[in-house]
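Protein chains in written order, with my numbering: chain B, 1 to 368; chain L, 1 to 89.
Because the hints were derived from the structure by calculation, they are not lab data.
Every residue gets a Cβ at the ideal spot worked out from N, C-alpha and C, and that includes glycine.
One or more hints might be untrue.
[As the list claims (entries may be wrong)] Cβ-Cβ distance ranges computed for the label pairs, FRET-style: (1) 22(L) to 114(B): 18 to 26 Å; (2) 10(L) to 114(B): 22 to 30 Å; (3) 70(L) to 253(B): 21 to 29 Å.
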Amino acid sequence: MRYLEEFRDAELVQNILSKINRTVKHPWVIMEICGGQTHSIMQHGIDQLLPAEIELVHGPGCPVCVTSLELVDKALSIASRPNVIFCSFGDMLRVPGSQGDLFSVKAAGGHVRIVYSPLDAVKIAQQNPDKEVVFFAIGFETTAPANAMSVLYAQSLGLRNYSILVSHVTVPPAMHAILGSSTNRVQGFLAAGHVCSVMGYHQYHSISQKYNIPIVVTGFEPLDLLNGILMTVELLEAGTPKVQNAYSRVVSEAGNIPAQAMIKRVFQDCDRNWRGIGFIPQSGWELRPEYSRFDAEKRFEVENIQTRESEICISGQILQGIKKPYQCPAFGKMCTPQNPLGATMVSSEGTCAAYYRYARLEMEEHHE
Amino acid sequence: MCLAVPGKIIELFTTTSMKMGKVDFGGVMREVCLEAVPESKVGDYVIVHAGFALNILSEKEAQDTLAAFRELEEAEFNLDNNEDFTTLD
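Extracted from the complex, chain L is given alone in its bound form:
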């Protein structure tokens, strides 16, 4: 029920003084209310729940998080190599 999906703003418009946007969800277009994200602009990714944008997705935070997950692998690789080295010793 509380699911919300990221989509990219393609177009901005106004309906009865309400800020709206046309949002692309991987090829599926929907009209979304942008009243709670007044600073949103075309090209931004917004998190949408029940036709309503909850927030603008931070693309920087998304990239940083994924980079941290990739570093875990490197950390483990180093750990494994050290273990091998220790065994050889």
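Okay, chain B solo, but in the shape it has when bound:
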């Protein structure tokens, strides 16, 4: 496909790798924020191509992973109701709640449907006027415009049977939480390219200055990832931390203004609990009061949610780059993608799931 294959060119990969090898002089810890990037790094073996001085740690940018257990339990409760068609991105179906997951609700006769887009859920609501259609609106800034659009579209169609269960989280507060922690190891960030395509990257200058850390906006293909790493290493070696853009074909400093306007119209800032990490103030979005009739949490009274997490799982430390999956006693044994214990194994983009799928050497060493 055009504009994908060119950015996987093996010869150009070698060009950038040689430049990284010539540039790096000291050991550095770099975090990619986005779960999609973690997956791409593992899939293409980029972590194994890099010189030993560069350690990649994997950030909390997997919305499936960090959606709070309380919201997953609410989703299970709403999806179990007989008059509800519950629509979700496919990744969310295997996410374990305190008891069961959306697959088990579907197996027990619940109307759970996988959709590609929230706009497809609006169409299902149009086609099923006698049912309540609920969309599980998870995601970072990348997904927020599509979710906002679904509400505006349902409103323009005059639909009364469409609502969304909102679990939106935002990247900059999570970066503050990681950098402000006493156990932080991260010295440079690859900022999430598609989050920035919507929001721009002007908001990262203050983070870079406050923590004295380079932040490079990075794409998802092998050349994009290596270029992001190269630019981060150049800034680290030169001792000139600042914000740079390694994904200019998609991202501008200001971002997409019409998309930001859609988000602002429908959502407002709120506090969020991140699964595995905990409470982060003003780290997400909820529906504005004027759109509260589209709020599934208000439409369906869900009470007596008592959450229960696995005691063994160390996903919180993995999400903050403090530990690696093979340091968990349950990894690959009690905890697998088929039977995940916690946040980072549940989604294909979760760090543990990516390490499991692409069988990292460290894992083999650990098993020996």
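Chain B is fixed; fit chain L onto it per the hints.
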């Protein structure tokens, strides 16, 4: 989850006053919401996530980036040649 894929707009249309497009992803066609890229036109490449176009891809920036990666090779070639020359000296 935040993956987004470039596709080429083949056709524009409107659904309940929402700007939409038929988009070609290497032979696979999908309907995509173009509300956030009001200036988009047939032939543009858009970056699509969950049925929603996030931005128009800048083909010039893409070509410039690839050209810069190719120049790295030339720079290295020159560097290697200089090293050889130095050794001969």
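Which of the numbered hints are not met once you compare them with the structure shown?
none
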